[in-house]
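Can you make the complete structure from the sequences, with help from the hints?
Number of protein chains: 2
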Amino acid sequence: MTAETISVGTEILLGNIVNTNAAYLAAQYAKFGIESYYQTTVGDNAARLTETLKLAASRSDLVVLTGGLGPTQDDITKETVAEYFGKKLVEDRATMERIEAFFAKRGKTMAENNVRQAMIPEGARILENNNGLAPGILIETEEGKAFLLLPGPPEELRAIWEAHVEPYLREKTGDVIYSSMVKVCGRSESEVAELLDDLIVRGGDVTVAPYAKTAEVHLRVTAHAQNEKDAKKLVKPVVKEIKGRLGNSVYTTHEERTLEEEVVELLKANALTMTTVESCTGGLIAGRIVNVPGVSEVYKSGYITYSNKAKRKMVGVKKKTLDKYGAVSAQTVTEMVRGAAAYTKADVAVAVSGIAGPDGGTDEKPVGLVYIAANVCGEITVQEYHFSGNREKIRENAVANALILLRGCVLEHYSRDLYGEEQG
Amino acid sequence: MTAETISVGTEILLGNIVNTNAAYLAAQYAKFGIESYYQTTVGDNAARLTETLKLAASRSDLVVLTGGLGPTQDDITKETVAEYFGKKLVEDRATMERIEAFFAKRGKTMAENNVRQAMIPEGARILENNNGLAPGILIETEEGKAFLLLPGPPEELRAIWEAHVEPYLREKTGDVIYSSMVKVCGRSESEVAELLDDLIVRGGDVTVAPYAKTAEVHLRVTAHAQNEKDAKKLVKPVVKEIKGRLGNSVYTTHEERTLEEEVVELLKANALTMTTVESCTGGLIAGRIVNVPGVSEVYKSGYITYSNKAKRKMVGVKKKTLDKYGAVSAQTVTEMVRGAAAYTKADVAVAVSGIAGPDGGTDEKPVGLVYIAANVCGEITVQEYHFSGNREKIRENAVANALILLRGCVLEHYSRDLYGEEQG
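Chains as they are written, first to last, in this note's numbering: chain A, 1 to 424; chain B, 1 to 424.
Since the hints were derived computationally from the structure, they do not count as laboratory data. Keep in mind that a hint or two might mislead.
The list makes no distinction among identical chains, and a pair is therefore deemed to hold if it is satisfied within one copy or across any two copies.
Heads up, simulated EDC-like pairs for lysine to aspartate or glutamate below, C-alpha to C-alpha not over 16 Å straight-line [said to hold, decoys possible]: (1) 31 with 11; (2) 309 with 297; (3) 345 with 379; (4) 365 with 230; (5) 213 with 11; (6) 236 with 205; (7) 309 with 323; (8) 393 with 155; (9) 320 with 205.
Below you can see the structure in the form of structure tokens.
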């Protein structure tokens, strides 16, 4: 089976938006083992869209069109596709009612244009949209080809894909795909690739695909089989093998779980509270931690100590330390992390001080030099990092590595406790 | 003149990367007033690339191919294009020397494969690449069409574009484009569109294109003319008109200037220092402020007061206030912003408290309810907001609106000073 994507929208051709839908859909095809050889972007123009549609229909089994389903006169995808298939547009009552209810709820009058969003090519299947007004539309031809129309806003497209298209494809491909995500932190992509060399190249029933993120590598392990049980049976030993080789650097095998969620969960599981004290990251570590719903049990407060005075006044860094070693030093972050934990009575603290640039670097302390300290129940670990890139990139790396260091220290602290080592 | 982009790369078809090059190139075409009707992505496959190339050559004057210029056997763009034009690949001595020098400098042995990167279709123009090994290649046909091959890594592509392709296109189009950016904050896209209705639809010499960002609208004003002076003459009165209609909500006309930079500059200009005290945004306002290089003059420290206890202990919110009005209330943010300024001796402070969800909402205080307070030299302004979307979206909106409120209050404070009103 082959699929191709036609993205419809002048805003893409003008470079106003980046086409993330095409990447999302491509990854979805790959997940189902559907080959995809082409992606096309075309404007809101009937003649050119028809030409593109014709070409796509000649070479692919599944043609997915995104965009151009909105209420304005510019939005012509549905009309063009209906015309291409020689089908009338007819009002779908259920869709119309959803649209009316939407406006009624907001106490707004429905514009005449919105009626267009309830018009569906005759005989097409409607894929309900819970995040917007334009439903997805599926047209199957007698030759067994499928044409899928999805709205352009990514959150609408993705929700319809998950709720309606995935089950449809599962049935159509007669193929069950099972995939697991293995998220790795604190190791470089090349390090992971080397350790998993034989697993990544293996072109067999199970594929392992690595994606690099800031300070993380995500590995998708995918297998195809006749049924879910068989597919799982193929994936599980590979995931186990990866975990065995990478050890603690695997922080989760949950698809949606983020590093900050993992840190918060780890702290919750050990009934620990945490605080943050940030210089060059200026609140971004806290910002990531606070993005975890229900974090209030773990995280109560934090400091941004950008100036030396703030480091002294807020978390008790000694003037002598700042004078002797400077704000960007192992000694300073040690005192930051000790003070922050003491002042907030948190069990765990993390501190960052570094030179994010573009100015402020010296030969001895260049831009990109960052010290991070973690304090786990009084036990302090400091690490020195050298990040590259611009100010934003350096700060982003510092944030991710602060979470990784903190996680590593908590894990180590408790594994030692577990085995009765170094307790006193 | 028309242009189209062919992105070559299996990694795009697998959804491993988002095609940002296509968006960059599209914006570049638009800048030159070059029409673009199609973008295609195709894998590293000679037959399919040839087919795509043929189609593009039949309908566009400028065909830009990106990707597939690397050293591996998978990279076949150059070979395929050369074959399409019936041209031999010949070694370019200058390119070869650059590649040899690259490896010599790093003390590494050059791989046999790298020789391929110095092979250029006979008669083609070489566009030097200062960020990588593969040069850009320009082939002009007798019919006046141009085929441009650019490397896939965005930083290489962009550098070659700026250094070599822009001057080429400027000459070729005989057209000068001048554009100004007008950045607007604190007004919705529809509000801006309504106020600029006649300017936005105008299909004349000057175009005004709005792009919505979180709590911002960016307007690109573009004109084409025979020379820069004439183009500027067209743009300037339109920018002036926009500024007149939108007033203070225009925060900059500098292309690269961000809202946080504008806030920091405004504070610097008035010799003010600032602090932040954040609940639901948990450090993200500070995080944005600290992304401005040289912010240390203005921003010294900030608080994250996620728990009620932290609000009391760190910035002196009264227990009575929290009990009576709750943490998410005008009263609480007022005390937060008063306390933070007093404790840090900052001239200006901003405080946020809200319900970012997904839990914690009630009928009275639903998810999305956010209070923001600004304190400018003791003068406190509080606003209530209702944001929609998920936790991340609500927080992002709160951060942007905090900066906008703060900016507005500082501007108002000083404009009143200026006119001698309400002083005492």
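Verification of the hints:
In this assembly of identical chains, residue 31 and residue 11 lie within 16 Å of each other by CA distance solely across copies; the values are 14 Å between and 28 Å within a copy. Taking the shortest alpha-carbon separations for residue 309 and residue 297, only the inter-copy value of 12 Å comes in at or below 16 Å, while the best intra-copy value is 30 Å. For the homomeric pair residue 345 and residue 379, the shortest alpha-carbon distance inside one copy (14 Å) is at most 16 Å, but the shortest distance between copies (33 Å) is not. In this homomeric assembly, residue 365 and residue 230 never come within 16 Å of each other (Cα to Cα): the closest approach is 55 Å inside a single copy and 49 Å across copies.
Taking the shortest Cα distances, residue 213 and residue 11 sit within 16 Å of each other only across copies (14 Å), while inside one copy they are farther apart (28 Å). For a Cα distance limit of 16 Å, the shortest separation of residue 236 from residue 205 inside one copy, 12 Å, qualifies, whereas the shortest one across copies, 62 Å, does not. Taking the shortest alpha-carbon separations for residue 309 and residue 323, only the intra-copy value of 12 Å comes in at or below 16 Å, while the best inter-copy value is 33 Å. Taking the shortest Cα distances, residue 393 and residue 155 sit within 16 Å of each other only across copies (12 Å), while inside one copy they are farther apart (27 Å).
When the C-alpha separation of residue 320 and residue 205 is checked against a cutoff of 16 Å, the pair qualifies neither within a copy, at 62 Å, nor between copies, at 64 Å.
Checked against the numbered hints listed earlier, the structure breaks hints 4, 9; every other hint is satisfied.
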